[in-house]
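Hints given; two lone chains; assemble the complex.
Going down the list, the protein sequences come from chains A and B. No gaps in the numbering here: position 119 of the first sequence is 119 in the working numbering, and each next residue is one more. Count along the second sequence from 1, then add 146; that gives the number in the working numbering.
These are computed hints drawn from the structure, not numbers from a lab. From the three backbone atoms N, C-alpha and C, an ideal C-beta is built for every residue, glycine too. Each hint should be verified, as a subset may be incorrect.
What the hints assert, rightly or not - Between beta-carbon pairs, the in silico distance windows are:
(1) Thr143(A) to Ser151(B): 43 to 53 Å
(2) Asp34(A) to Arg211(B): 41 to 51 Å
(3) Glu221(B) to Thr60(A): 51 to 61 Å
Unchecked claim - Stretch-level coverage of chain A by chain B, calculated; a stretch enters the list once three of its residues show a Cβ under 8 Å from a Cβ in chain B:
(4) 25-37
(5) 99-106
(6) 135-143
As the list claims (entries may be wrong) - Looking from chain A toward chain B, a few residues come up when the C-beta cut is under 10 Å (computed):
(7) Ala20
(8) Lys72
(9) Leu74
(10) Ser75
(11) Ser79
(12) Ala127
(13) Glu128
(14) Val131
Listed below are the residues making up each chain.
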Amino acid sequence: MPEIRRIICPVDFSEPSEKALDYAIELAAKFGADVQAIHAYQLPVYALPDGAMMAGPEFTTKVTDELQKALKELSARKSGVKLETHLVEGIPYKEVVRMTEELDADLVVMGTHGRTGLKHLLLGSVAERVVRSSKVPVITVPTGEG
Amino acid sequence: MVARSILVATDFSQPSRRALEWARLLRARLDAAILVAHVDADPFAHTTLRDDAAKWQTDSERGRRMEWLKSELNEQVDDLFGPDAQAVRQVVVHGETVEALIELALERDADLLVVGASGKNAVDRLLLGSTTQELVQRSPIPVLTVH
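If we strip away everything but chain B, and leave its shape as in the complex, we get (with noise of 0.2 Å):
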């Protein structure tokens, strides 16, 4: 079987919208289970600052952060999925983008990801997606890429 069981990445951007109504398409006709997921990547992840970083936040700014992005997710999945809303799953994990996706493909046996062609921020669009160049390398999973 192609897929069964799709993992979707969103980072709210156009890209991610367009690759969220392929996996609504894929869900439709292979009758694959969705999973659609936000990485909160963490800017600090490589430096030395990083934990000099976390202590910036206080957990109850970590918490608000959480569940705006929570909300925002939800937002966009009801808005794609319409009625079928229900049946797709959600999360939001912390951590470096592409880590993130690979772990979370293999803790939820996902047999194939789908991603937007390139990320919000500018220096992602000067690289023309770094995090999906290095997802299309390091994916143990087929990647679906979306533009």
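For reference, chain A alone in the conformation it holds in the complex (with noise of 0.2 Å):
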């Protein structure tokens, strides 16, 4: 018998994960669930004709403090359950997934229409890619769902 006792949501700043975290922490009121937004992030990596150049640890400091900043906000905007953040470096899919297991969570909630909208059109969305991947069950909430 399913139960539904912690909801994983990835968020990216964007208004549709923002409708997602909503839709996440409604439906973990419901349940007395509590949530886990988690941001995951890549740092950019230049190819150079001879090697590669990484971003420094002053800039990657930079960009940690200020997400890490944003994930703040974003929780001190909401209210009604306990609400974790997180911040993870990696393929945003795959965090996803691995958090889902590590936090050991029964259910993922998450806009299908994040930032890259036209990368969509070529590769999927981060959204279809979790719904493969993920063994726990998946609710995609469409841009424009109230």
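Next comes the structure, spelled out in structure tokens:
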């Protein structure tokens, strides 16, 4: 028999992802579950003829500080359930699936159109990849759904 | 409100069974109405054989198939919902799976679609549930995909 005690919600600070977070919070409230908001980021790597250049530690710290701040602000805007935030580095869909297992979540709730709208046409969205790879059920919330 | 009216699709596969279990959980906690649907997909829907294929089956054969699918559906709903089965509505529709489900969801004012992660046939499995993938892309309402 399934049960919902913990919901994972990937966020990218876009409007659709915040809508999905609201959906997750509303559902969690009904089930007495908690919500784990996750932001996965990737730092750029530049390929050069004689190797690759990666972001230096100063830049990396700046980026992660900003993201932590954004996550804090996001969770400050929400209430009603226990909400925790996580900042992880890596390929977004893989990190979401990994965190789902690590945090022993029962459900993933996420928006179908995040920041990379055009890419969706060529590669499929992060949400579709999560749906494919996740071992737990996934609710995909489309853009425009209120 | 998150989900008041839930449409669950079943193709009688194991993932569909788990989808129904999740629908049962949501019904219990959210007091949502449940409609269970089976789409009797036309395998020739997107081919030039569509009209010919329709002629191969007589009306009585189609009727018998419909009765059979309805009783299969009824059995699955009874099995999973037990005493609550009376409150669960059921429907068998014809058509292309994704289109038929989206149409049905809009027609019945559903606000959540629950589906199993992969279809029953081998091609679907190879494509990792192409039907599910397409539903996630095209559905105007949230989709709960159960693995």
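So, against the hints stated earlier in the document, which numbers end up violated here?
1, 5, 8, 9, 10, 11
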